[in-house]
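> So the chains spell out like this:
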Amino acid sequence: MNVEMMKQVLTAEALSAAAPFLALTVGILLLLVVEILPGTATLRPLVFLGTLAAAFGYAWQQANGPELRVFAETYVANSTTGWWAILFVIATLVAWLFARKFYREEARFEGEHDVLLLSAAAGMVLMAGSRDLLVFFVGLELLSVPLYTLSGFQRAKRTSIEAGLKYFVLGAFAAAMFLFGAALVYAGTGTLTLSSMDAADLSKSITIAGGALIAASLFFKISVFPFHLWVPDVYQGAPAPVTTFMATGTKAAAFAFLLPMAVLLPSDAAVLLAAIAVATMALGNLGALVQTDLKRLLAYSGISHAGTMLLAVAAQVSGGASAASVSNAILYYMAAYVFTAGGAFGLVTAMESRTGAPVTIESLKGLAQRQPLWAATFALFALSLGGIPATGGFLGKYLVFSTAVQADMIGWAIAGVLMSVVALGYYLRLIVAMYMQEPAKDATHGEGSRPWANAMAVVCAVGVLVLGVLPGWFMEHMK
Amino acid sequence: MLTGYAPILVLLALAIGFALVNLFVSELMGRRRINVGKADPYECGMEAQGSARIRLSIHFYLIAVLFILFDVESVFLILWAVSAGDLKAAGLAPLVLAEIVAFVAVLGLALAYVWRKGGLEWDR
Amino acid sequence: MQSPLVPAGDAAHDWLWLIPALPLAASALCGVLHYVEARKRLPKVAHGHGHDQHHGHDTHAHDTHAHDDHGHGHEKVPAGLAGLAPIVAIAAMLVAFGLSLKGFFELRDGTATVLRATSWSWIDTGTFPIDLTMHLDRLSSLMTLVVTGIGTLIFVYASGYMKGDKGYGKFFAYLSLFAFSMLMLVLSSSLIGLFVGWEGVGLCSYLLIGFWYEKGWPADAGQKAFVMNRVGDACFLIGSFLLAKTFLTLDMAMIAANTASMLPEFGPKLFLAGLFLFLGACGKSAQMPLFTWLPDAMAGPTPVSALIHAATMVTAGIYLVVRLNPVFASSPELLQIIGVVGVLTAFIAGSTALVQRDIKKVLAYSTVSQLGYMFVGLSTGAWAAAVFHLVTHAFFKALLFLGAGSVIHGMHEEQDMHKMGGLKKHMPATFVTFMCGAAALSGLPLLSGFFSKDEILAHTFAQGGLYMGIWVLGVATAALTAFYTWRMVALTFYGKERFDAHKVHPHESPIIMTLPLMVLAILSVFGGVLGLPPVFHVAHNLKEWLAPVTAAGDAILAQRGAHEVSHTVEWALLGLGSVIAIVFATMGFKKHVLGTQADEAFATKRSGLHAFLTDAWTIDTKYTHWIVQPVKLLAFVIAVVFDQFAIDGLVNGVASFARGLGERTRRMANGRIASYGLWMGAVAAVLVLVLIWNR
Amino acid sequence: MTVPVEHLFILSAILFAIGTAGFFLRRNVIIVLMSIELMLNAANLAFLAASRMHTLEAGATEASLQGPLFAIFVIVVAAVEAAVGLALVIALYRNQQTVDLEQVTALKN
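These protein sequences, in sequence, are chains Y, D, U and H. Residue numbering for the first sequence follows our numbering, beginning at 1 and increasing consecutively. Residue numbering for the second sequence follows our numbering, beginning at 1 and increasing consecutively. Residue numbering for the third sequence follows our numbering, beginning at 1 and increasing consecutively. Residue numbering for the fourth sequence follows our numbering, beginning at 1 and increasing consecutively.
Careful: at least some of the hints might be erroneous.
[Said to hold, decoys possible] Straight-line C-alpha distance at most 27 Å; calculated DSS-like pairs for lysine-lysine:
no., chain 1, residue 1, chain 2, residue 2
1, U, Lys425, U, Lys590
2, U, Lys622, U, Lys605
3, U, Lys40, Y, Lys365
4, U, Lys40, Y, Lys441
5, U, Lys419, U, Lys590
6, U, Lys543, U, Lys102
7, U, Lys590, U, Lys605
8, U, Lys496, U, Lys424
9, Y, Lys101, D, Lys117
10, Y, Lys157, D, Lys88
11, U, Lys425, U, Lys591
12, U, Lys419, U, Lys605
13, U, Lys425, U, Lys503
14, U, Lys632, Y, Lys365
15, U, Lys419, U, Lys163
Worth flagging that the hints you see were computed from the coordinates, not collected in a lab.
Using the sequences and the accompanying hints, generate a full structural model.
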């Protein structure tokens, strides 16, 4: 081992670059200590929130700090990764708060739940900052393994176990694909670090084959066609707070790495990516049209959103759009999506926890009268998902499509914009159900108030509106 | 050209040979005085014959998995050990120590957690 | 790129921001008032459930609307705090109107042709920075005056019309939100700002159409309206992307100023951009492929129909074309497309209006038809003529809608003209004002509609060629217009009373509703002075006023040669217009003043044609057949193929299949997870192969 | 004379293919897990082969250690995945008395 290299590796700079990740790791250990020491259970929420706060603080520093390339260029910290980390922290917080009072039989495992949630968050942070296939792989597994467990968390429920198993089996398959791809890339280039691969090696067939396999495994995580098949099943079966987390966080983390990793793809892959993107949008939107279960519907909607973002990646791969503008577009889109989908799935969680039954369009009927706050915020989320102006969802779409136009992929952009018309069909159905239809006579609505859910719904709604109305502030900080 | 594979063949032959030789040698040289206790492969534990579809206590599985996890984690010690000498020579001895202490502490914490949750208790 | 037409923003004009901001604030306030009031009534709402249920399943009410005796009118609810809502909303609109006037006078008396507030850097992505600012030029000034002026009148009317509705506060919140969106639309300098308003009005329209959902409004219809609007919106967005790509800016004034210089190089691209923008305009302004939502939108409260679906929102498409007139002028083919679409829409909608029984449907199809006229005007490059018709139409159509609302109000929610008749003596104020509106719409000489319509037709005539065909259809539509307008008047106000006098007691509406009618009637009658034809040897006020805005487009058109009509021809055309209007108005009136016999005779003798017309040339049915059904089928197929086949191996989907076949498919697709994996593996392999193949 | 690197790659590809085939064709979850394990190890072999290739490359000054390093991480991750996977299988068996993947079909429209 090269000693000089080792010396350079562990510097104060490196520590500060890894600070958000380290904060989460320390938090995980502290939570374990809380689990071990008797009588400290009441500290758990405090430790959890404190960890998130610390991670947020460090991420905020990164978002406003200079670019650091550390650990022999295998890990970077810059404003983009800082913002990604902030998004992950928010996604974790949203999922955690909506999970309050959700579990009944599993309530005694809440400590484990929180540890797993934090581990997954740490994995996401690692994924977003990694510029090396090994570091990314560690992050990926740190994210995936806790999520397999969380998906099957309600062990008494058949659907939950099935979701966990399905996600696990396919996820392990995707991981194997990633590994084989990484091995091929390594064979082609002699390195695992993205920045030290040279152009000649990148154009070798073996490298490209490896790149394609890696891309395929990432497509599994962001769930684009035809790697999306697991999504509706797993989203439906997994406990609702976990679904919230998966829908927002996992997708964001995979996109965060897909962007730098795109150097492995040749520019003529752009057409392929664009075709996949549009097919995904079509499939997600058309699939959502016929769903009645809300988690499934939102899952399909999430698939179509992943397709939209993939279009921006295609624009970058084609070389027509600058990496910075694509990264901004996707980050913005994802930021809006974290609030929007986080809020939407979160409200589904809250409704589900009141009745204990799956939430369907049928059960949304008359929500405006029973729960005006939930109905209003849910309507806002639906509009944002549909991309109506003055919501974050619109600007995200606008930025993504403008990168596609920038890269002269006008035909694809047109197809994408038209897809959003179909999408509105099912989003409106939700609003109609909540505001303009009466509930069935025998409908049960459950009992109990959910103050945390109320607060989070409002926070997410504010986030959606701020991103929609005052994007300048966000953009300024992103640079 | 195939000479390169010779070591693999030798390894294979050794492995198979070792097993076979041991079997045959004990078969040839051993004295047999069969009784009930001797017929069992072990004198404690579960019944070796009969249906494979009996229910095992979940703790077999739990202990096995815990063992594998801690066992495999120790592979990272190799990486540490390989670079420890160089690092120490470079004057980074405290770092070397800190690394391994942190690593073992984390494993220790995990073990403590397992213990506390009753993962190591046989009767529960 | 800088241009004399596009001055930099000026802090002195920051008050322009107030014009849209006031209705927005009013909307928020009304929303709060409604919320507070609704909270107070909460237990009562729960009590009223059964009642709502009763109305919830009143199917077909949407088409006939006829026997809804228990409409909202009987469910009077004291307004309480929400009673303050109209005061807030009207005050905001009045101030906005005052500010619009201030802007108007500054433009008239000052030297500047454009006032711009300082801009707000909305997003700065580096490539397409979006600056939002308020841009008041002579065109947007006119639009602002129409929106705030007519808007104020309609708000006043609505405060009477909606009295007693349990959603009183909410209604004004929506209306104000609509006004905000519309003002954003006409005042924004950039295409994206315009798009925000563009989508906003669509959303508010959707909310307001569905306002009385308990009346059995089919949710699908409102959804259809919105989705159809969205088709247009998507096209608009694509068009604006193309423009942004070409001009590297989203500022419309900048685009307009630079079109001429870009034309040689980017001609085809501009054509494409213009075409998509026009498709967007078709969605919002209810033109040919996308017009069927407007008649459905009549399920909303009548003031909504007047404000949104006659006077303001539907004119957004016209506004867009005029705003970007050089882009459209740059391609003669594009203009021809617009003309053909416009005149076909005008004719189809006009003929459909002939047979409608619902008084609001007649007005709705009439609106579609008149919007078609405006597009015909645009297609000839007569921007000012189109805007002129837009303004006069806003006057008389708002008047007619409000009048119809007054009738419906007085008739206890009756909308079927066959169940009216003889209302002249029961509601004199409504009658007189309605007559003014009808006269203007049918183009009776010297009224506002007469001048604006004939100006468009004269311009079309002058173009020759393909436009002669358009002109012929346009004249035919004028005849239809006169006919159906006076049929409506005759059926509603004349003849025998065809309602049950024991149950229905027609009454005049309160002064708060008739006052706006009177103001609008005066405007409808005298609005023509805005643009008298050249033969009168007076200045065409509107044309001169808009000259700075249309100069760029006019210059492009002038390069292809100008078309003017001589005074003799113009006199002849005016004469022809007058004769047709008078003759067909008389025919329409005479045939129906006796009662419904003429209608019934037509329905029985030519039942095929009658059904065809009633169903608006069955275009909507065709949509269902050719677009909606296939999309649904596709969604279903996808659900089956990807949700079931790839997963279940069709096992669940084909329960009716022979068992043997089921077994075989079961073996083919080996469990759900494995087939998921198979898909993934196969596509990964394809990915790898395709990418390597290209090496 | 040593084993050519190509042979190692071919072997690893064959193992990966066998693992993939097992993944697709078997219904028993345990065997599916074993197939995945095989795929992971195929990747490990490829890593080691690539490392060997780069170490023996003309002009290489030091051993390319990233491959073996990755392999060690993969071994650990494989163990972790196996632990979680088996836990899920046990939960499934307790819940449904089956380890047949074809029976895992509660989730659908």
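> Hints first: check each against the structure and report whether it holds.
Hints, one by one, checked against the model:
This hinted pair checks out: Lys425(U) and Lys590(U) have alpha carbons roughly 19 Å apart, not beyond 27 Å. A C-alpha spacing of about 25 Å is found between Lys622(U) and Lys605(U), which places the hinted pair at or below 27 Å, so the restraint holds. For the suggested pair Lys40(U) and Lys365(Y), the alpha carbons sit about 22 Å apart, so the restraint of at most 27 Å is met. At roughly 25 Å between alpha-carbon atoms, Lys40(U) and Lys441(Y) fall within 27 Å of each other, so this suggested pair holds.
For the given pair, Lys419(U) sits about 18 Å from Lys590(U) by alpha-carbon distance, which is consistent with the 27 Å threshold. For the given pair, Lys543(U) sits about 21 Å from Lys102(U) by alpha-carbon distance, which is consistent with the 27 Å threshold. At most 27 Å may separate the alpha-carbon atoms for a hinted pair to count; Lys590(U) and Lys605(U) meet this at roughly 19 Å. Among the hinted pairs, Lys496(U) with Lys424(U) is consistent with the structure: their alpha-carbon atoms are about 11 Å apart, no more than 27 Å.
Among the hinted pairs, Lys101(Y) with Lys117(D) is consistent with the structure: their alpha-carbon atoms are about 23 Å apart, no more than 27 Å. Under the criterion of a C-alpha separation no larger than 27 Å, the hint pairing Lys157(Y) with Lys88(D) is inconsistent with the structure, at around 53 Å. Note on Lys425(U) and Lys591(U): the hinted pairing holds, with a Cα-Cα distance of about 21 Å set against a maximum of 27 Å. For the suggested pair Lys419(U) and Lys605(U), the alpha carbons sit about 22 Å apart, so the restraint of at most 27 Å is met.
The suggested pairing of Lys425(U) with Lys503(U) holds, with an alpha-carbon distance near 18 Å, which does not exceed 27 Å. Note on Lys632(U) and Lys365(Y): the hinted pairing holds, with a Cα-Cα distance of about 23 Å set against a maximum of 27 Å. Restraint check: the Cα-Cα separation between Lys419(U) and Lys163(U) comes to about 25 Å, which is no more than 27 Å; the hinted pair holds.
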